[in-house]
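What follows is the residue order along each chain.
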Amino acid sequence: MSYAARELSFRAGGRLLLDGVSLNLQPGQVHALLGPNGAGKTTLLRLLAGEQRPHSGSVELNARALADLGARELARQRAVLPQAHGLSFACTGAQVVALGRLPCPRHSAEHEARIVHDALELAGVGALAGRSYPTLSGGERARVQFARVVAQVWEPLADGVARFLLLDEPTASLDLAHQHDCLRAVTELARRGLGVLVILHDPNLALRYANQVTLLREGRLLASGAPEQVITAEALEQLYGVPVRLVRANGGLPVVTVCDRPTPPAGPARSAH
Amino acid sequence: MLGLLTGPLDISAREVAAILAGADAAEPHAVTVLDIRLPRVLLALLIGAALAQAGAALQGIFRNPLAEPGLIGISSGAALAAVAVIVLSEPAGLFELVPARVVLPLATFAGGAAATALVLRLALVDGQTRIATLLLSGLALNAIAGAGIGFFSHVASDSALRSVTFWMFGSLGRAGWAEIAIAAPLLVLPILLLPREARALNALLLGEAEAGHLGVDVERLKRRVTLLVVLAAGAAVALAGIIAFVGLLVPHLVRLAVGPDHRHLLPLSALAGALLLTLADTASRVVLMPTELPIGILTALVGGPFFLALLLHRQREIDA
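Heads up: the protein sequence lines correspond to chains A and B, in order. Just so it is clear: in the first sequence, position 234 is 233 by numbering that gives the first Met the number 0, and no numbers are missing. Just so it is clear: in the second sequence, position 194 is 193 by numbering that gives the first Met the number 0, and no numbers are missing.
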């Protein structure tokens, strides 16, 4: 049981967006994907989701090629949270979450309402169940959408088939507290057996909540492994092109901080660290 | 009911009931009710239901509350075909060979379907229907068809021009039982089949990619719905000319009342459309009695301001 990408390559508009990237998601594990803007993180997530087909390489979900899975079967085994949300019709929060139940086997109305309620609670937005979606703030919308994809893979599948969540920057529009709430919910889902891929921009969140970290740069895999082994000052400098330091306070988790760039009087900028 | 009771001939409610029950009432009254008013009311119900539901479904697949069947070229393609047939057939004497009531609906339906096929083809990029391209091609086609209609009107004789005008503004008055028999399946089929797509259309509210993630084959859904909409709207235009705003307005009203869930929106739009068009048709027969006002003028006259009021009201809600 796993979600495996092998040697994925993808090109668009004459550019190679992804170049031979392999990735393996395990049930019960949170896998964080980091990289600068335009590194190919979203492309990788789309290929995994089956939204687009790779030009070479393959994706297997629970030991079956994506192409062999029916659309509904695929939708029962993995849910996808995209970055942007285009819903403009006046649904309530609960209605949005209920839309996530489309591919699932139908239960009684009460049972369905309970799942919707529980998913909203897990996402910390139980209070938004009756609110009209278009009137919500960006962060509130993001959390309702998170609840929707959680509802899609809420129930365990027959024969212990693993369920997966693919999350594209779920913390992007959230404040500090809600970023942590969101990732705590993600780790809770992993504890219940789901495998999660989460695209993040904050290495501190990855250090704190992920079991596995993959760094992606210019469509290539830079490093992959346990968070504290992968997230090093050298790797992050290589990844983002800014000088960083990892500070360890009182033997706790290392904290990543960005150092001041030395302001060069003239000539090309170059890190002195 | 009201539609059966109103008209230039004064026939009592009791008499109408008796005629419907099969009683042999005074001959001209029975003919009026059974052969003129009844088919007309049936047609209003069918066309109203089909247009309103087609509009609701189209707004669903375009994820745009401003979509309506006219926007993808159905109406203008049909209108161009109709006007061309009316104007060109006069000197050619076509209507002496085949009656106009046969040629006109066929040409109209073909025109609407061809225009839509063209718009859909233009919007198909890499096997995917691009909604923005679709709407823009629809707009361009509408403009071209408008030019064509203008040209034919310009060269038309006075009598042809009169039929053109009459046709452009819609009327339910030309249909008899024969037309209904042909068109009813084309109207009923979409009315029955579109609600089956309700759950998939709901998923599409979230976005095309999101619907795909939920296991909906979005491309197929778009094709199925568009085909059904073309059937419904094409048949409606072929029988009754252009009836504005029903496909746009009714889904809006229903959505305001029951929300965007297509499981309710589609059947209720059909119901509301049927009622609205029957009422509008009755009104169009009464206001200028004994002549009648083309129904398209009435729906546009009432629907336009109403729609503006709705927009302004919602704008204020959003601003507040």
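Since the hints were derived computationally from the structure, they do not count as laboratory data. Every value quoted in this text rests on a predicted model; they were computed, and no experiment measured them. Some hints here could point you the wrong way.
[What the hints assert, rightly or not] Partial selection, computed: residues in chain B whose CB lies under 7 Å from chain A: (1) Leu213; (2) Leu252; (3) Ala256; (4) Pro259.
Think of the CB as a built atom: it goes at the ideal place given N, C-alpha and C, for glycine as much as any other residue.
Evaluated hints:
The restraint placing Leu213/B at the interface with chain A holds, with a minimum CB-CB distance near 5 Å, inside the 7 Å limit. A least Cβ separation of about 14 Å between Leu252/B and chain A goes past the 7 Å threshold, and the interface hint is therefore violated. The interface hint given for Ala256/B is broken, as the beta carbon of that residue sits about 12 Å from the closest beta carbon of chain A, more than 7 Å. A least Cβ separation of about 4 Å between Pro259/B and chain A falls short of the 7 Å threshold, and the interface hint therefore holds.
In this structure, the hints that do not hold are numbers 2, 3, in rising order.
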